[in-house]
Structures are given as C-alpha cells and as structure tokens.
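Q: Read off the chains here:
Number of protein chains: 2
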Amino acid sequence: MSVVAPRGFRAAGIAAGLKVSGKPDLALVVNDGPEQTAAAVFTRNKVKAAPVLWSQQVLTTGTLRAVVLNSGGANACTGPEGFQTAHATAEKAAEVLGVGAIDVAICSTGLIGAQLPRDVLLAGVEKAAASLDASPESGLAAATAIMTTDTVAKQAVAVREGWSVGGITKGAGMIAPSMATMLSVLTTDAAVSAETLDSALRAAVRVSFDRLDVDGSMSTNDTVIAMASGASGAAPSVAELTVAFTEVAKSLAAQMQADAEGVTKRATIRVTGAASEDDAVTVARTVARDSLVKTALFGSDPNWGRIAAAAGYAEAELDPDSLDITINGVLLCRGGVAAGDRSLADLSGEDVLVEVALGIGGGEAEILTTDLSHAYVEENSAYSS
Amino acid sequence: MSVVAPRGFRAAGIAAGLKVSGKPDLALVVNDGPEQTAAAVFTRNKVKAAPVLWSQQVLTTGTLRAVVLNSGGANACTGPEGFQTAHATAEKAAEVLGVGAIDVAICSTGLIGAQLPRDVLLAGVEKAAASLDASPESGLAAATAIMTTDTVAKQAVAVREGWSVGGITKGAGMIAPSMATMLSVLTTDAAVSAETLDSALRAAVRVSFDRLDVDGSMSTNDTVIAMASGASGAAPSVAELTVAFTEVAKSLAAQMQADAEGVTKRATIRVTGAASEDDAVTVARTVARDSLVKTALFGSDPNWGRIAAAAGYAEAELDPDSLDITINGVLLCRGGVAAGDRSLADLSGEDVLVEVALGIGGGEAEILTTDLSHAYVEENSAYSS
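Taken in sequence, the protein lines are chains A and B. Convert by adding 808 to the 1-based position in the first sequence; the result is the number in my numbering. Convert by adding 808 to the 1-based position in the second sequence; the result is the number in my numbering.
If you're looking for bench data, these hints aren't it; they were derived computationally from the structure. It is possible that part of the hints are untrue.
[Said to hold, decoys possible] Residues of chain B placed beyond 10 Å of chain A at every Cβ, according to the derived structure: (1) Gly825; (2) Glu903; (3) Thr1080; (4) Ser1084; (5) Ala1104; (6) Asn1188.
[What the hints assert, rightly or not] Computed spacing ranges between beta-carbons, pair by pair: (7) B:Phe891 with A:Ser1045: 16 to 24 Å; (8) B:Arg852 with A:Gly1169: 19 to 27 Å; (9) B:Phe891 with A:Gly1167: 18 to 26 Å.
Bear in mind the structure is a predicted one, so any value in this text is a computation, not a measurement. Where is the CB? At the ideal position from N, CA and C, for every residue including glycine.
Kindly produce the complete structure, drawing on both the sequences and the hints.
A: Spelled out as structure tokens, the structure:
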C-alpha cells in the first residue's frame, strides 16, 4: 500500500545493479493525476547532492509527475558530471512516461563522492517503468528499493473519508537520521492547491522528521516530496491535510527510530515548562545528542546528572534550581538536586522516557532518539559505508 | 615539577578516601607569595557545581592563597548542602593555612548528583596540608590526585629567563573533555597584575583547552585557575605571559587528547581559507564532533564525503565548489569533487591530519579531536561512572 494507497498513483521498485549486493536499488513513484500538485522539503546542507540541485529546480513549478529514487550511491560531491547524471535520469523517466524532464524529481542515497554508473541507472529507469502498477506490492517494492542500512521497509497510510495519505521513507543513521540521508515520498489523492500542500507538508515535517533527533545535522541528500493527484475529488482543508500528513510522517519517523543503526534503546526526550516551544526543542535536542547521555542509555544507567549537565549547556533559558528530571516515571532530580534512589528507575527495557521539567513557562516538545551502542560504532566504522 | 616549578608554590596530593578504590583523590596547591594574584575561567554551563559557585565568588577579589581539588565526586546538583560542603572545605583549608576562606578556591570532579562526605573531605584537607612541599614529587602527586578516568597524570612547564609557568590538568572525555570535567591549575612566579594574569589566561585558554574538540559542551564543573606569586621578581609583558601560558596549556590539551576516553586515533582538524577565524573554528568543530566522521576515523576509513557533509552543515560561510579536503597529505576532494583514489590516504597510524580548505578568505584554525571507538562506548556505558 503506502504511496499507492491514495488513488492516482503507481509505483515500482527493482534491482538496477547499482548495489554490489544485487539487492533492489531503484524506485519510481508516478502521479497519474488528474492533478499533479507537488511540494518538497530539502536538506539545508550547503553541500547539496546533484539530485537535490535538480529537484529544487523542478519543484519551483509546484507540479510533478514522477520521482525516481535510487540507493547505491548519493551522487553528491560529483560536480557537473553528477548533475548531468541526475538530468539524464529525469530525461529518461520523462521519455518512458511521455512527460517532460521538468516533471521528474530525483532522489539518491549512498556513498558520497562517487559517480553513479549512468548507463546502469538509465536502464534501471526503463525496467522500473515497465513494472509500474498500483498494487500494494508495488508500494512495498518502492520502499524496499530505497533501503540502505535500513533492515525493514518503512511505509504508512492515513485513511480519511473519501481520501487518504500514504508514505514511504528510508533512513537509518542514529545520531541524526538526516545525516545518513533521509528520503521520503508522501502521496495523497486529495484535491489541493500547491500552497495548501506545501503548508501541510512543512507543518508535518516540523513535528515529525525534524523531531527525530536533530535537524541541524543534515546530509547532502535529505529530501521529502509530497504529491497530490486530486483523484479522490475530496478537498480537505489545510488543517485536515496537515493532520493526515503528520500522522503518516510521525509513523514513518517512529519506524526510523526503531530501525536506527545499532539501536538497542528507543528514547523519548520530553521537555516541559520551557520558556517557549523553541527552547523546549533546543533542550530536548541537546540532551538527545549528548554522547554521554547516549552511552548511559546503552548501559541502562539512570545517570540523570549527565542529563542535567546537557540541559545546562543547551542554549535555552534554564533555572538550575527548578530543574526536575524523571526517567521511566521515577523522579530522580527535583529542583536540581537528587530526589531519591536512582536505582529505582528501571532502564532494562527497550523504551526509555526521559522527562525534563524546566519550571519556567509553558513550552514543551518531544525528541525521539536512540542510544549509542557498540553496534553503531561497528556499523559506521566499516570502510566507506 | 609542574605547578611547583615556579617559585613560591607548594603542592600535595593524597588519598582522602573519597574514591572507593582508595586511590589519591585530594590535591592542594598553595601560593606562598609574596603576591597572591589570581584569575580563572569557569564553565558556562547554567547548571554549575557548588565548588564553581563558591570559587566564582572567591575569584572576584583577583587574589587567591590556595586551591583544593578533589576527585571522587563533582558536588554538582547538590543544593544548599553541597554549597555548605564547598564552603566548609575552604574554611578548613583557610584554618590550617592561617588565611581566610575567601582566599581558597575549590574544584571538584566525579559523579554528578551525590553529596560528598564532608568529614572525609575535611580530614583530607588537613592530611594534604601536612604533606605540602615544593618538591617535584608534590606537583606529580597533585596531578595524580585529580585524575578520574585519566590513565596518566598531566603536567607541563614553560621556563623563561628568570621566571616560569607550570600547570596540571585532568580530563578524559572524548567528545568534549569539558563534559567529563576539565580541571586545571596554572602557576607562575612572574610579578603581574590581576588584569595581566586574566588577559593572558583567557588568551591561552581560547587557543588551547577551547580548541580541544568543543567548548559549547561544558560540564557542570570545568575550571581553570591561574595563580601568580611574584616570587621571581620578573615582570613579563602580557604578551610574554600569554605565550608562556599558551605553551603550557597547549601541552596539557595535547596530553588530554592523547589520553581521551577510548581513543585509538588522535586527529587534528585544520581548516584554512575560511571567511574568518570564527568560521574556521566552527567548521573544524562541526567536523570534529560528527559521529559519522569519528567512527570513520576509528575504522581508518578516508571517507571524505562525511567530512564534506559535516562542513556543509556547519553554520559558516562555505562554497561547495571551492571545497578541498586532504587527509594525511593526500588530496581526496578538490573543488567539491573526488580528486583521486581515496585508498591512497593511509589512516592506519594513530595520528590523522584532516585539512579542509574552504577557498573563501584567510581565516584558519585547528581543533584537536579523537575517534569514536568501542572502548569509548564501553567506558561511558558503565553504570554511573
């Protein structure tokens, strides 16, 4: 299902031969309309991959017929030759679909700094186009073809009366999924304007993908693309569309957290009582990024002092005398001082809830994160992964 | 030698019984004058340990007779009781030295959130005072007593004509030594004003301790204290004193890098061609902190794409088309594109030099860092270390 759950979409996922392993590595998602409304959010990294540079141009029109996504190579730091490869890929997809290259976005993920084999890629686009359909299997095949170190394909659907939203994603970095490249395609058969689609997408991303650890650390390739076919005839409000997009994006973000590289703990850092929502996000992110907090999580150690120290160096308003820290429901620090026996907090399970109450205002936010484990070091120290 | 190399100083390091292991855990450094000029740099963490709060008050006078330093407990997040412990420690030292409590600074390091056993601490101060002397062994004993996960005592001396600077430090965190608490005492027998001492100390810290990975991530206890006895009668200029302090502080920072938790690689991130020195520091820090870069270092992988991605999300001016990356002398990326065979860069040794040339302006800076290894995860996931 996923991206083909909404009416008007077809998808495919095939093995083009970009991955040495021979596993699926090329996906195609096509919007058959009647409308081809589109919006996207791209990495803010100043070093942008060729497919990002290409797709940013394409998306200025607010319309899109298709997205080609490949794993097995990021096509980043590849210069003019890399850009020509992205362009040629769009031309090839446009040719087989009978549209213009300006209607085709490109997303890539994999090693930075290597050219993609253009012939292999273009042959793969033809092969994918030949297997396009709207069956549930095609959505799964597309989700599977964009996996890198992901261990499971990630899909989600939100069904509304008469219309729906579907989505696929990949991304398995731990510290910041975006760094390991996060690619996502969201589809809907709602009939909405490009402005409504853009607004709903940005609002959804802000509280889902952007709350999975850190958005300050972005890869060269991160891309989230939304396409609306209008095939349902339903015209939800921007609020209704935002809620549905958020539901799908939050599900996909949680799936990425659960499948993060080397994860043994899934942690939610919930900050309340901040001076503002921004402050709450800043404190939660700082705690979530702190390597000493992450290794303590791996060790099932309720070391709240490290959490207090991380909160203290976050660039946000904080009063050390009104700082409360609760781990898995056990209050360990009240007013900045130890509040009982830390061994009462049981971190032996896979899920950990860290609550940091600042006691200043009404701002609150949650960041999803993971621990820092041996498996993370192992996976990321492998040669040029 | 170290802190007792300059004339006018005595030191001691003893086992007070704060550490369960029975290892040395309390140091005392005394300035016998004739002058008692002092300056200090403290953590910018908003959650400050009790000894920091105490010492900040003491240092407002610009004079200091002695510093008591203990490992085995940070006395942070300990509320009024913890502050009273710091105060009582200063009172005890003042009593046995025949000075005022306002002349005694306190530094602590260890677990956050636990009260220090006050009686044990005060008895330790008496014991340390009884063994104070100016022998080379006493400097080593003081350096040894402040070790936590450090594996070697860290000392340095800079000798000038007629005067000298000495120093000791501890700190063994990898991501940011400051997070694992960095304590340092620098001494000199130069005759200088408090303003000169403060200026030289801040200038030295800025290019040494602050360039060892990250200063944005600070512990609750980080403290660097400088004391001048005037015993040499020599009156170096602020520039001369800055150079000598910088020499000692850079040596101590390099020793901390070499002894960082779980380190298998010592990496220098050198950024040149930045729009400003601040931009160079920002880019170098961002690369140094990036977990994907750090794990690649551990894996001896010349994965320059991760370095390019980290540079690209640093909050600094950057032109992806003028980005050069060189690892251990081998140019791997020129103008943002692969520049040859990455396997030519040999990272099998313990020292790695990463050069990032931005091609924009004349700003440059170096940050010292380390890899992210299994040993780091092991050491920091141990229960409440």
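Q: Take the hints in turn and mark each one as holding or not.
A: Hints and how they fare:
Its beta-carbon lying about 21 Å from the closest one in chain A, B:Gly825 satisfies the requirement of being farther than 10 Å from that chain. The Cβ of B:Glu903 sits about 28 Å from the closest Cβ of chain A, beyond the 10 Å cut-off, so the non-interface label holds. With a minimum CB-CB distance of about 17 Å to chain A, B:Thr1080 clears the 10 Å threshold, and the non-interface call stands. With a least beta-carbon separation of about 16 Å from chain A, B:Ser1084 lies farther than 10 Å from that chain, consistent with its non-interface assignment.
B:Ala1104, annotated as away from the interface, has a beta carbon of chain A within 10 Å; the closest lies near 7 Å. With a minimum CB-CB distance of about 4 Å to chain A, B:Asn1188 fails to clear the 10 Å threshold, and the non-interface call is violated. Separation of B:Phe891 from A:Ser1045 is about 56 Å and departs from the stated range, judged on CB atoms against 16 to 24 Å. Between B:Arg852 and A:Gly1169, the C-beta spacing of about 22 Å keeps the proposed range 19 to 27 Å intact.
Checking the proposed 18 to 26 Å range against B:Phe891 and A:Gly1167 shows it holds: the Cβ atoms sit about 20 Å from each other.
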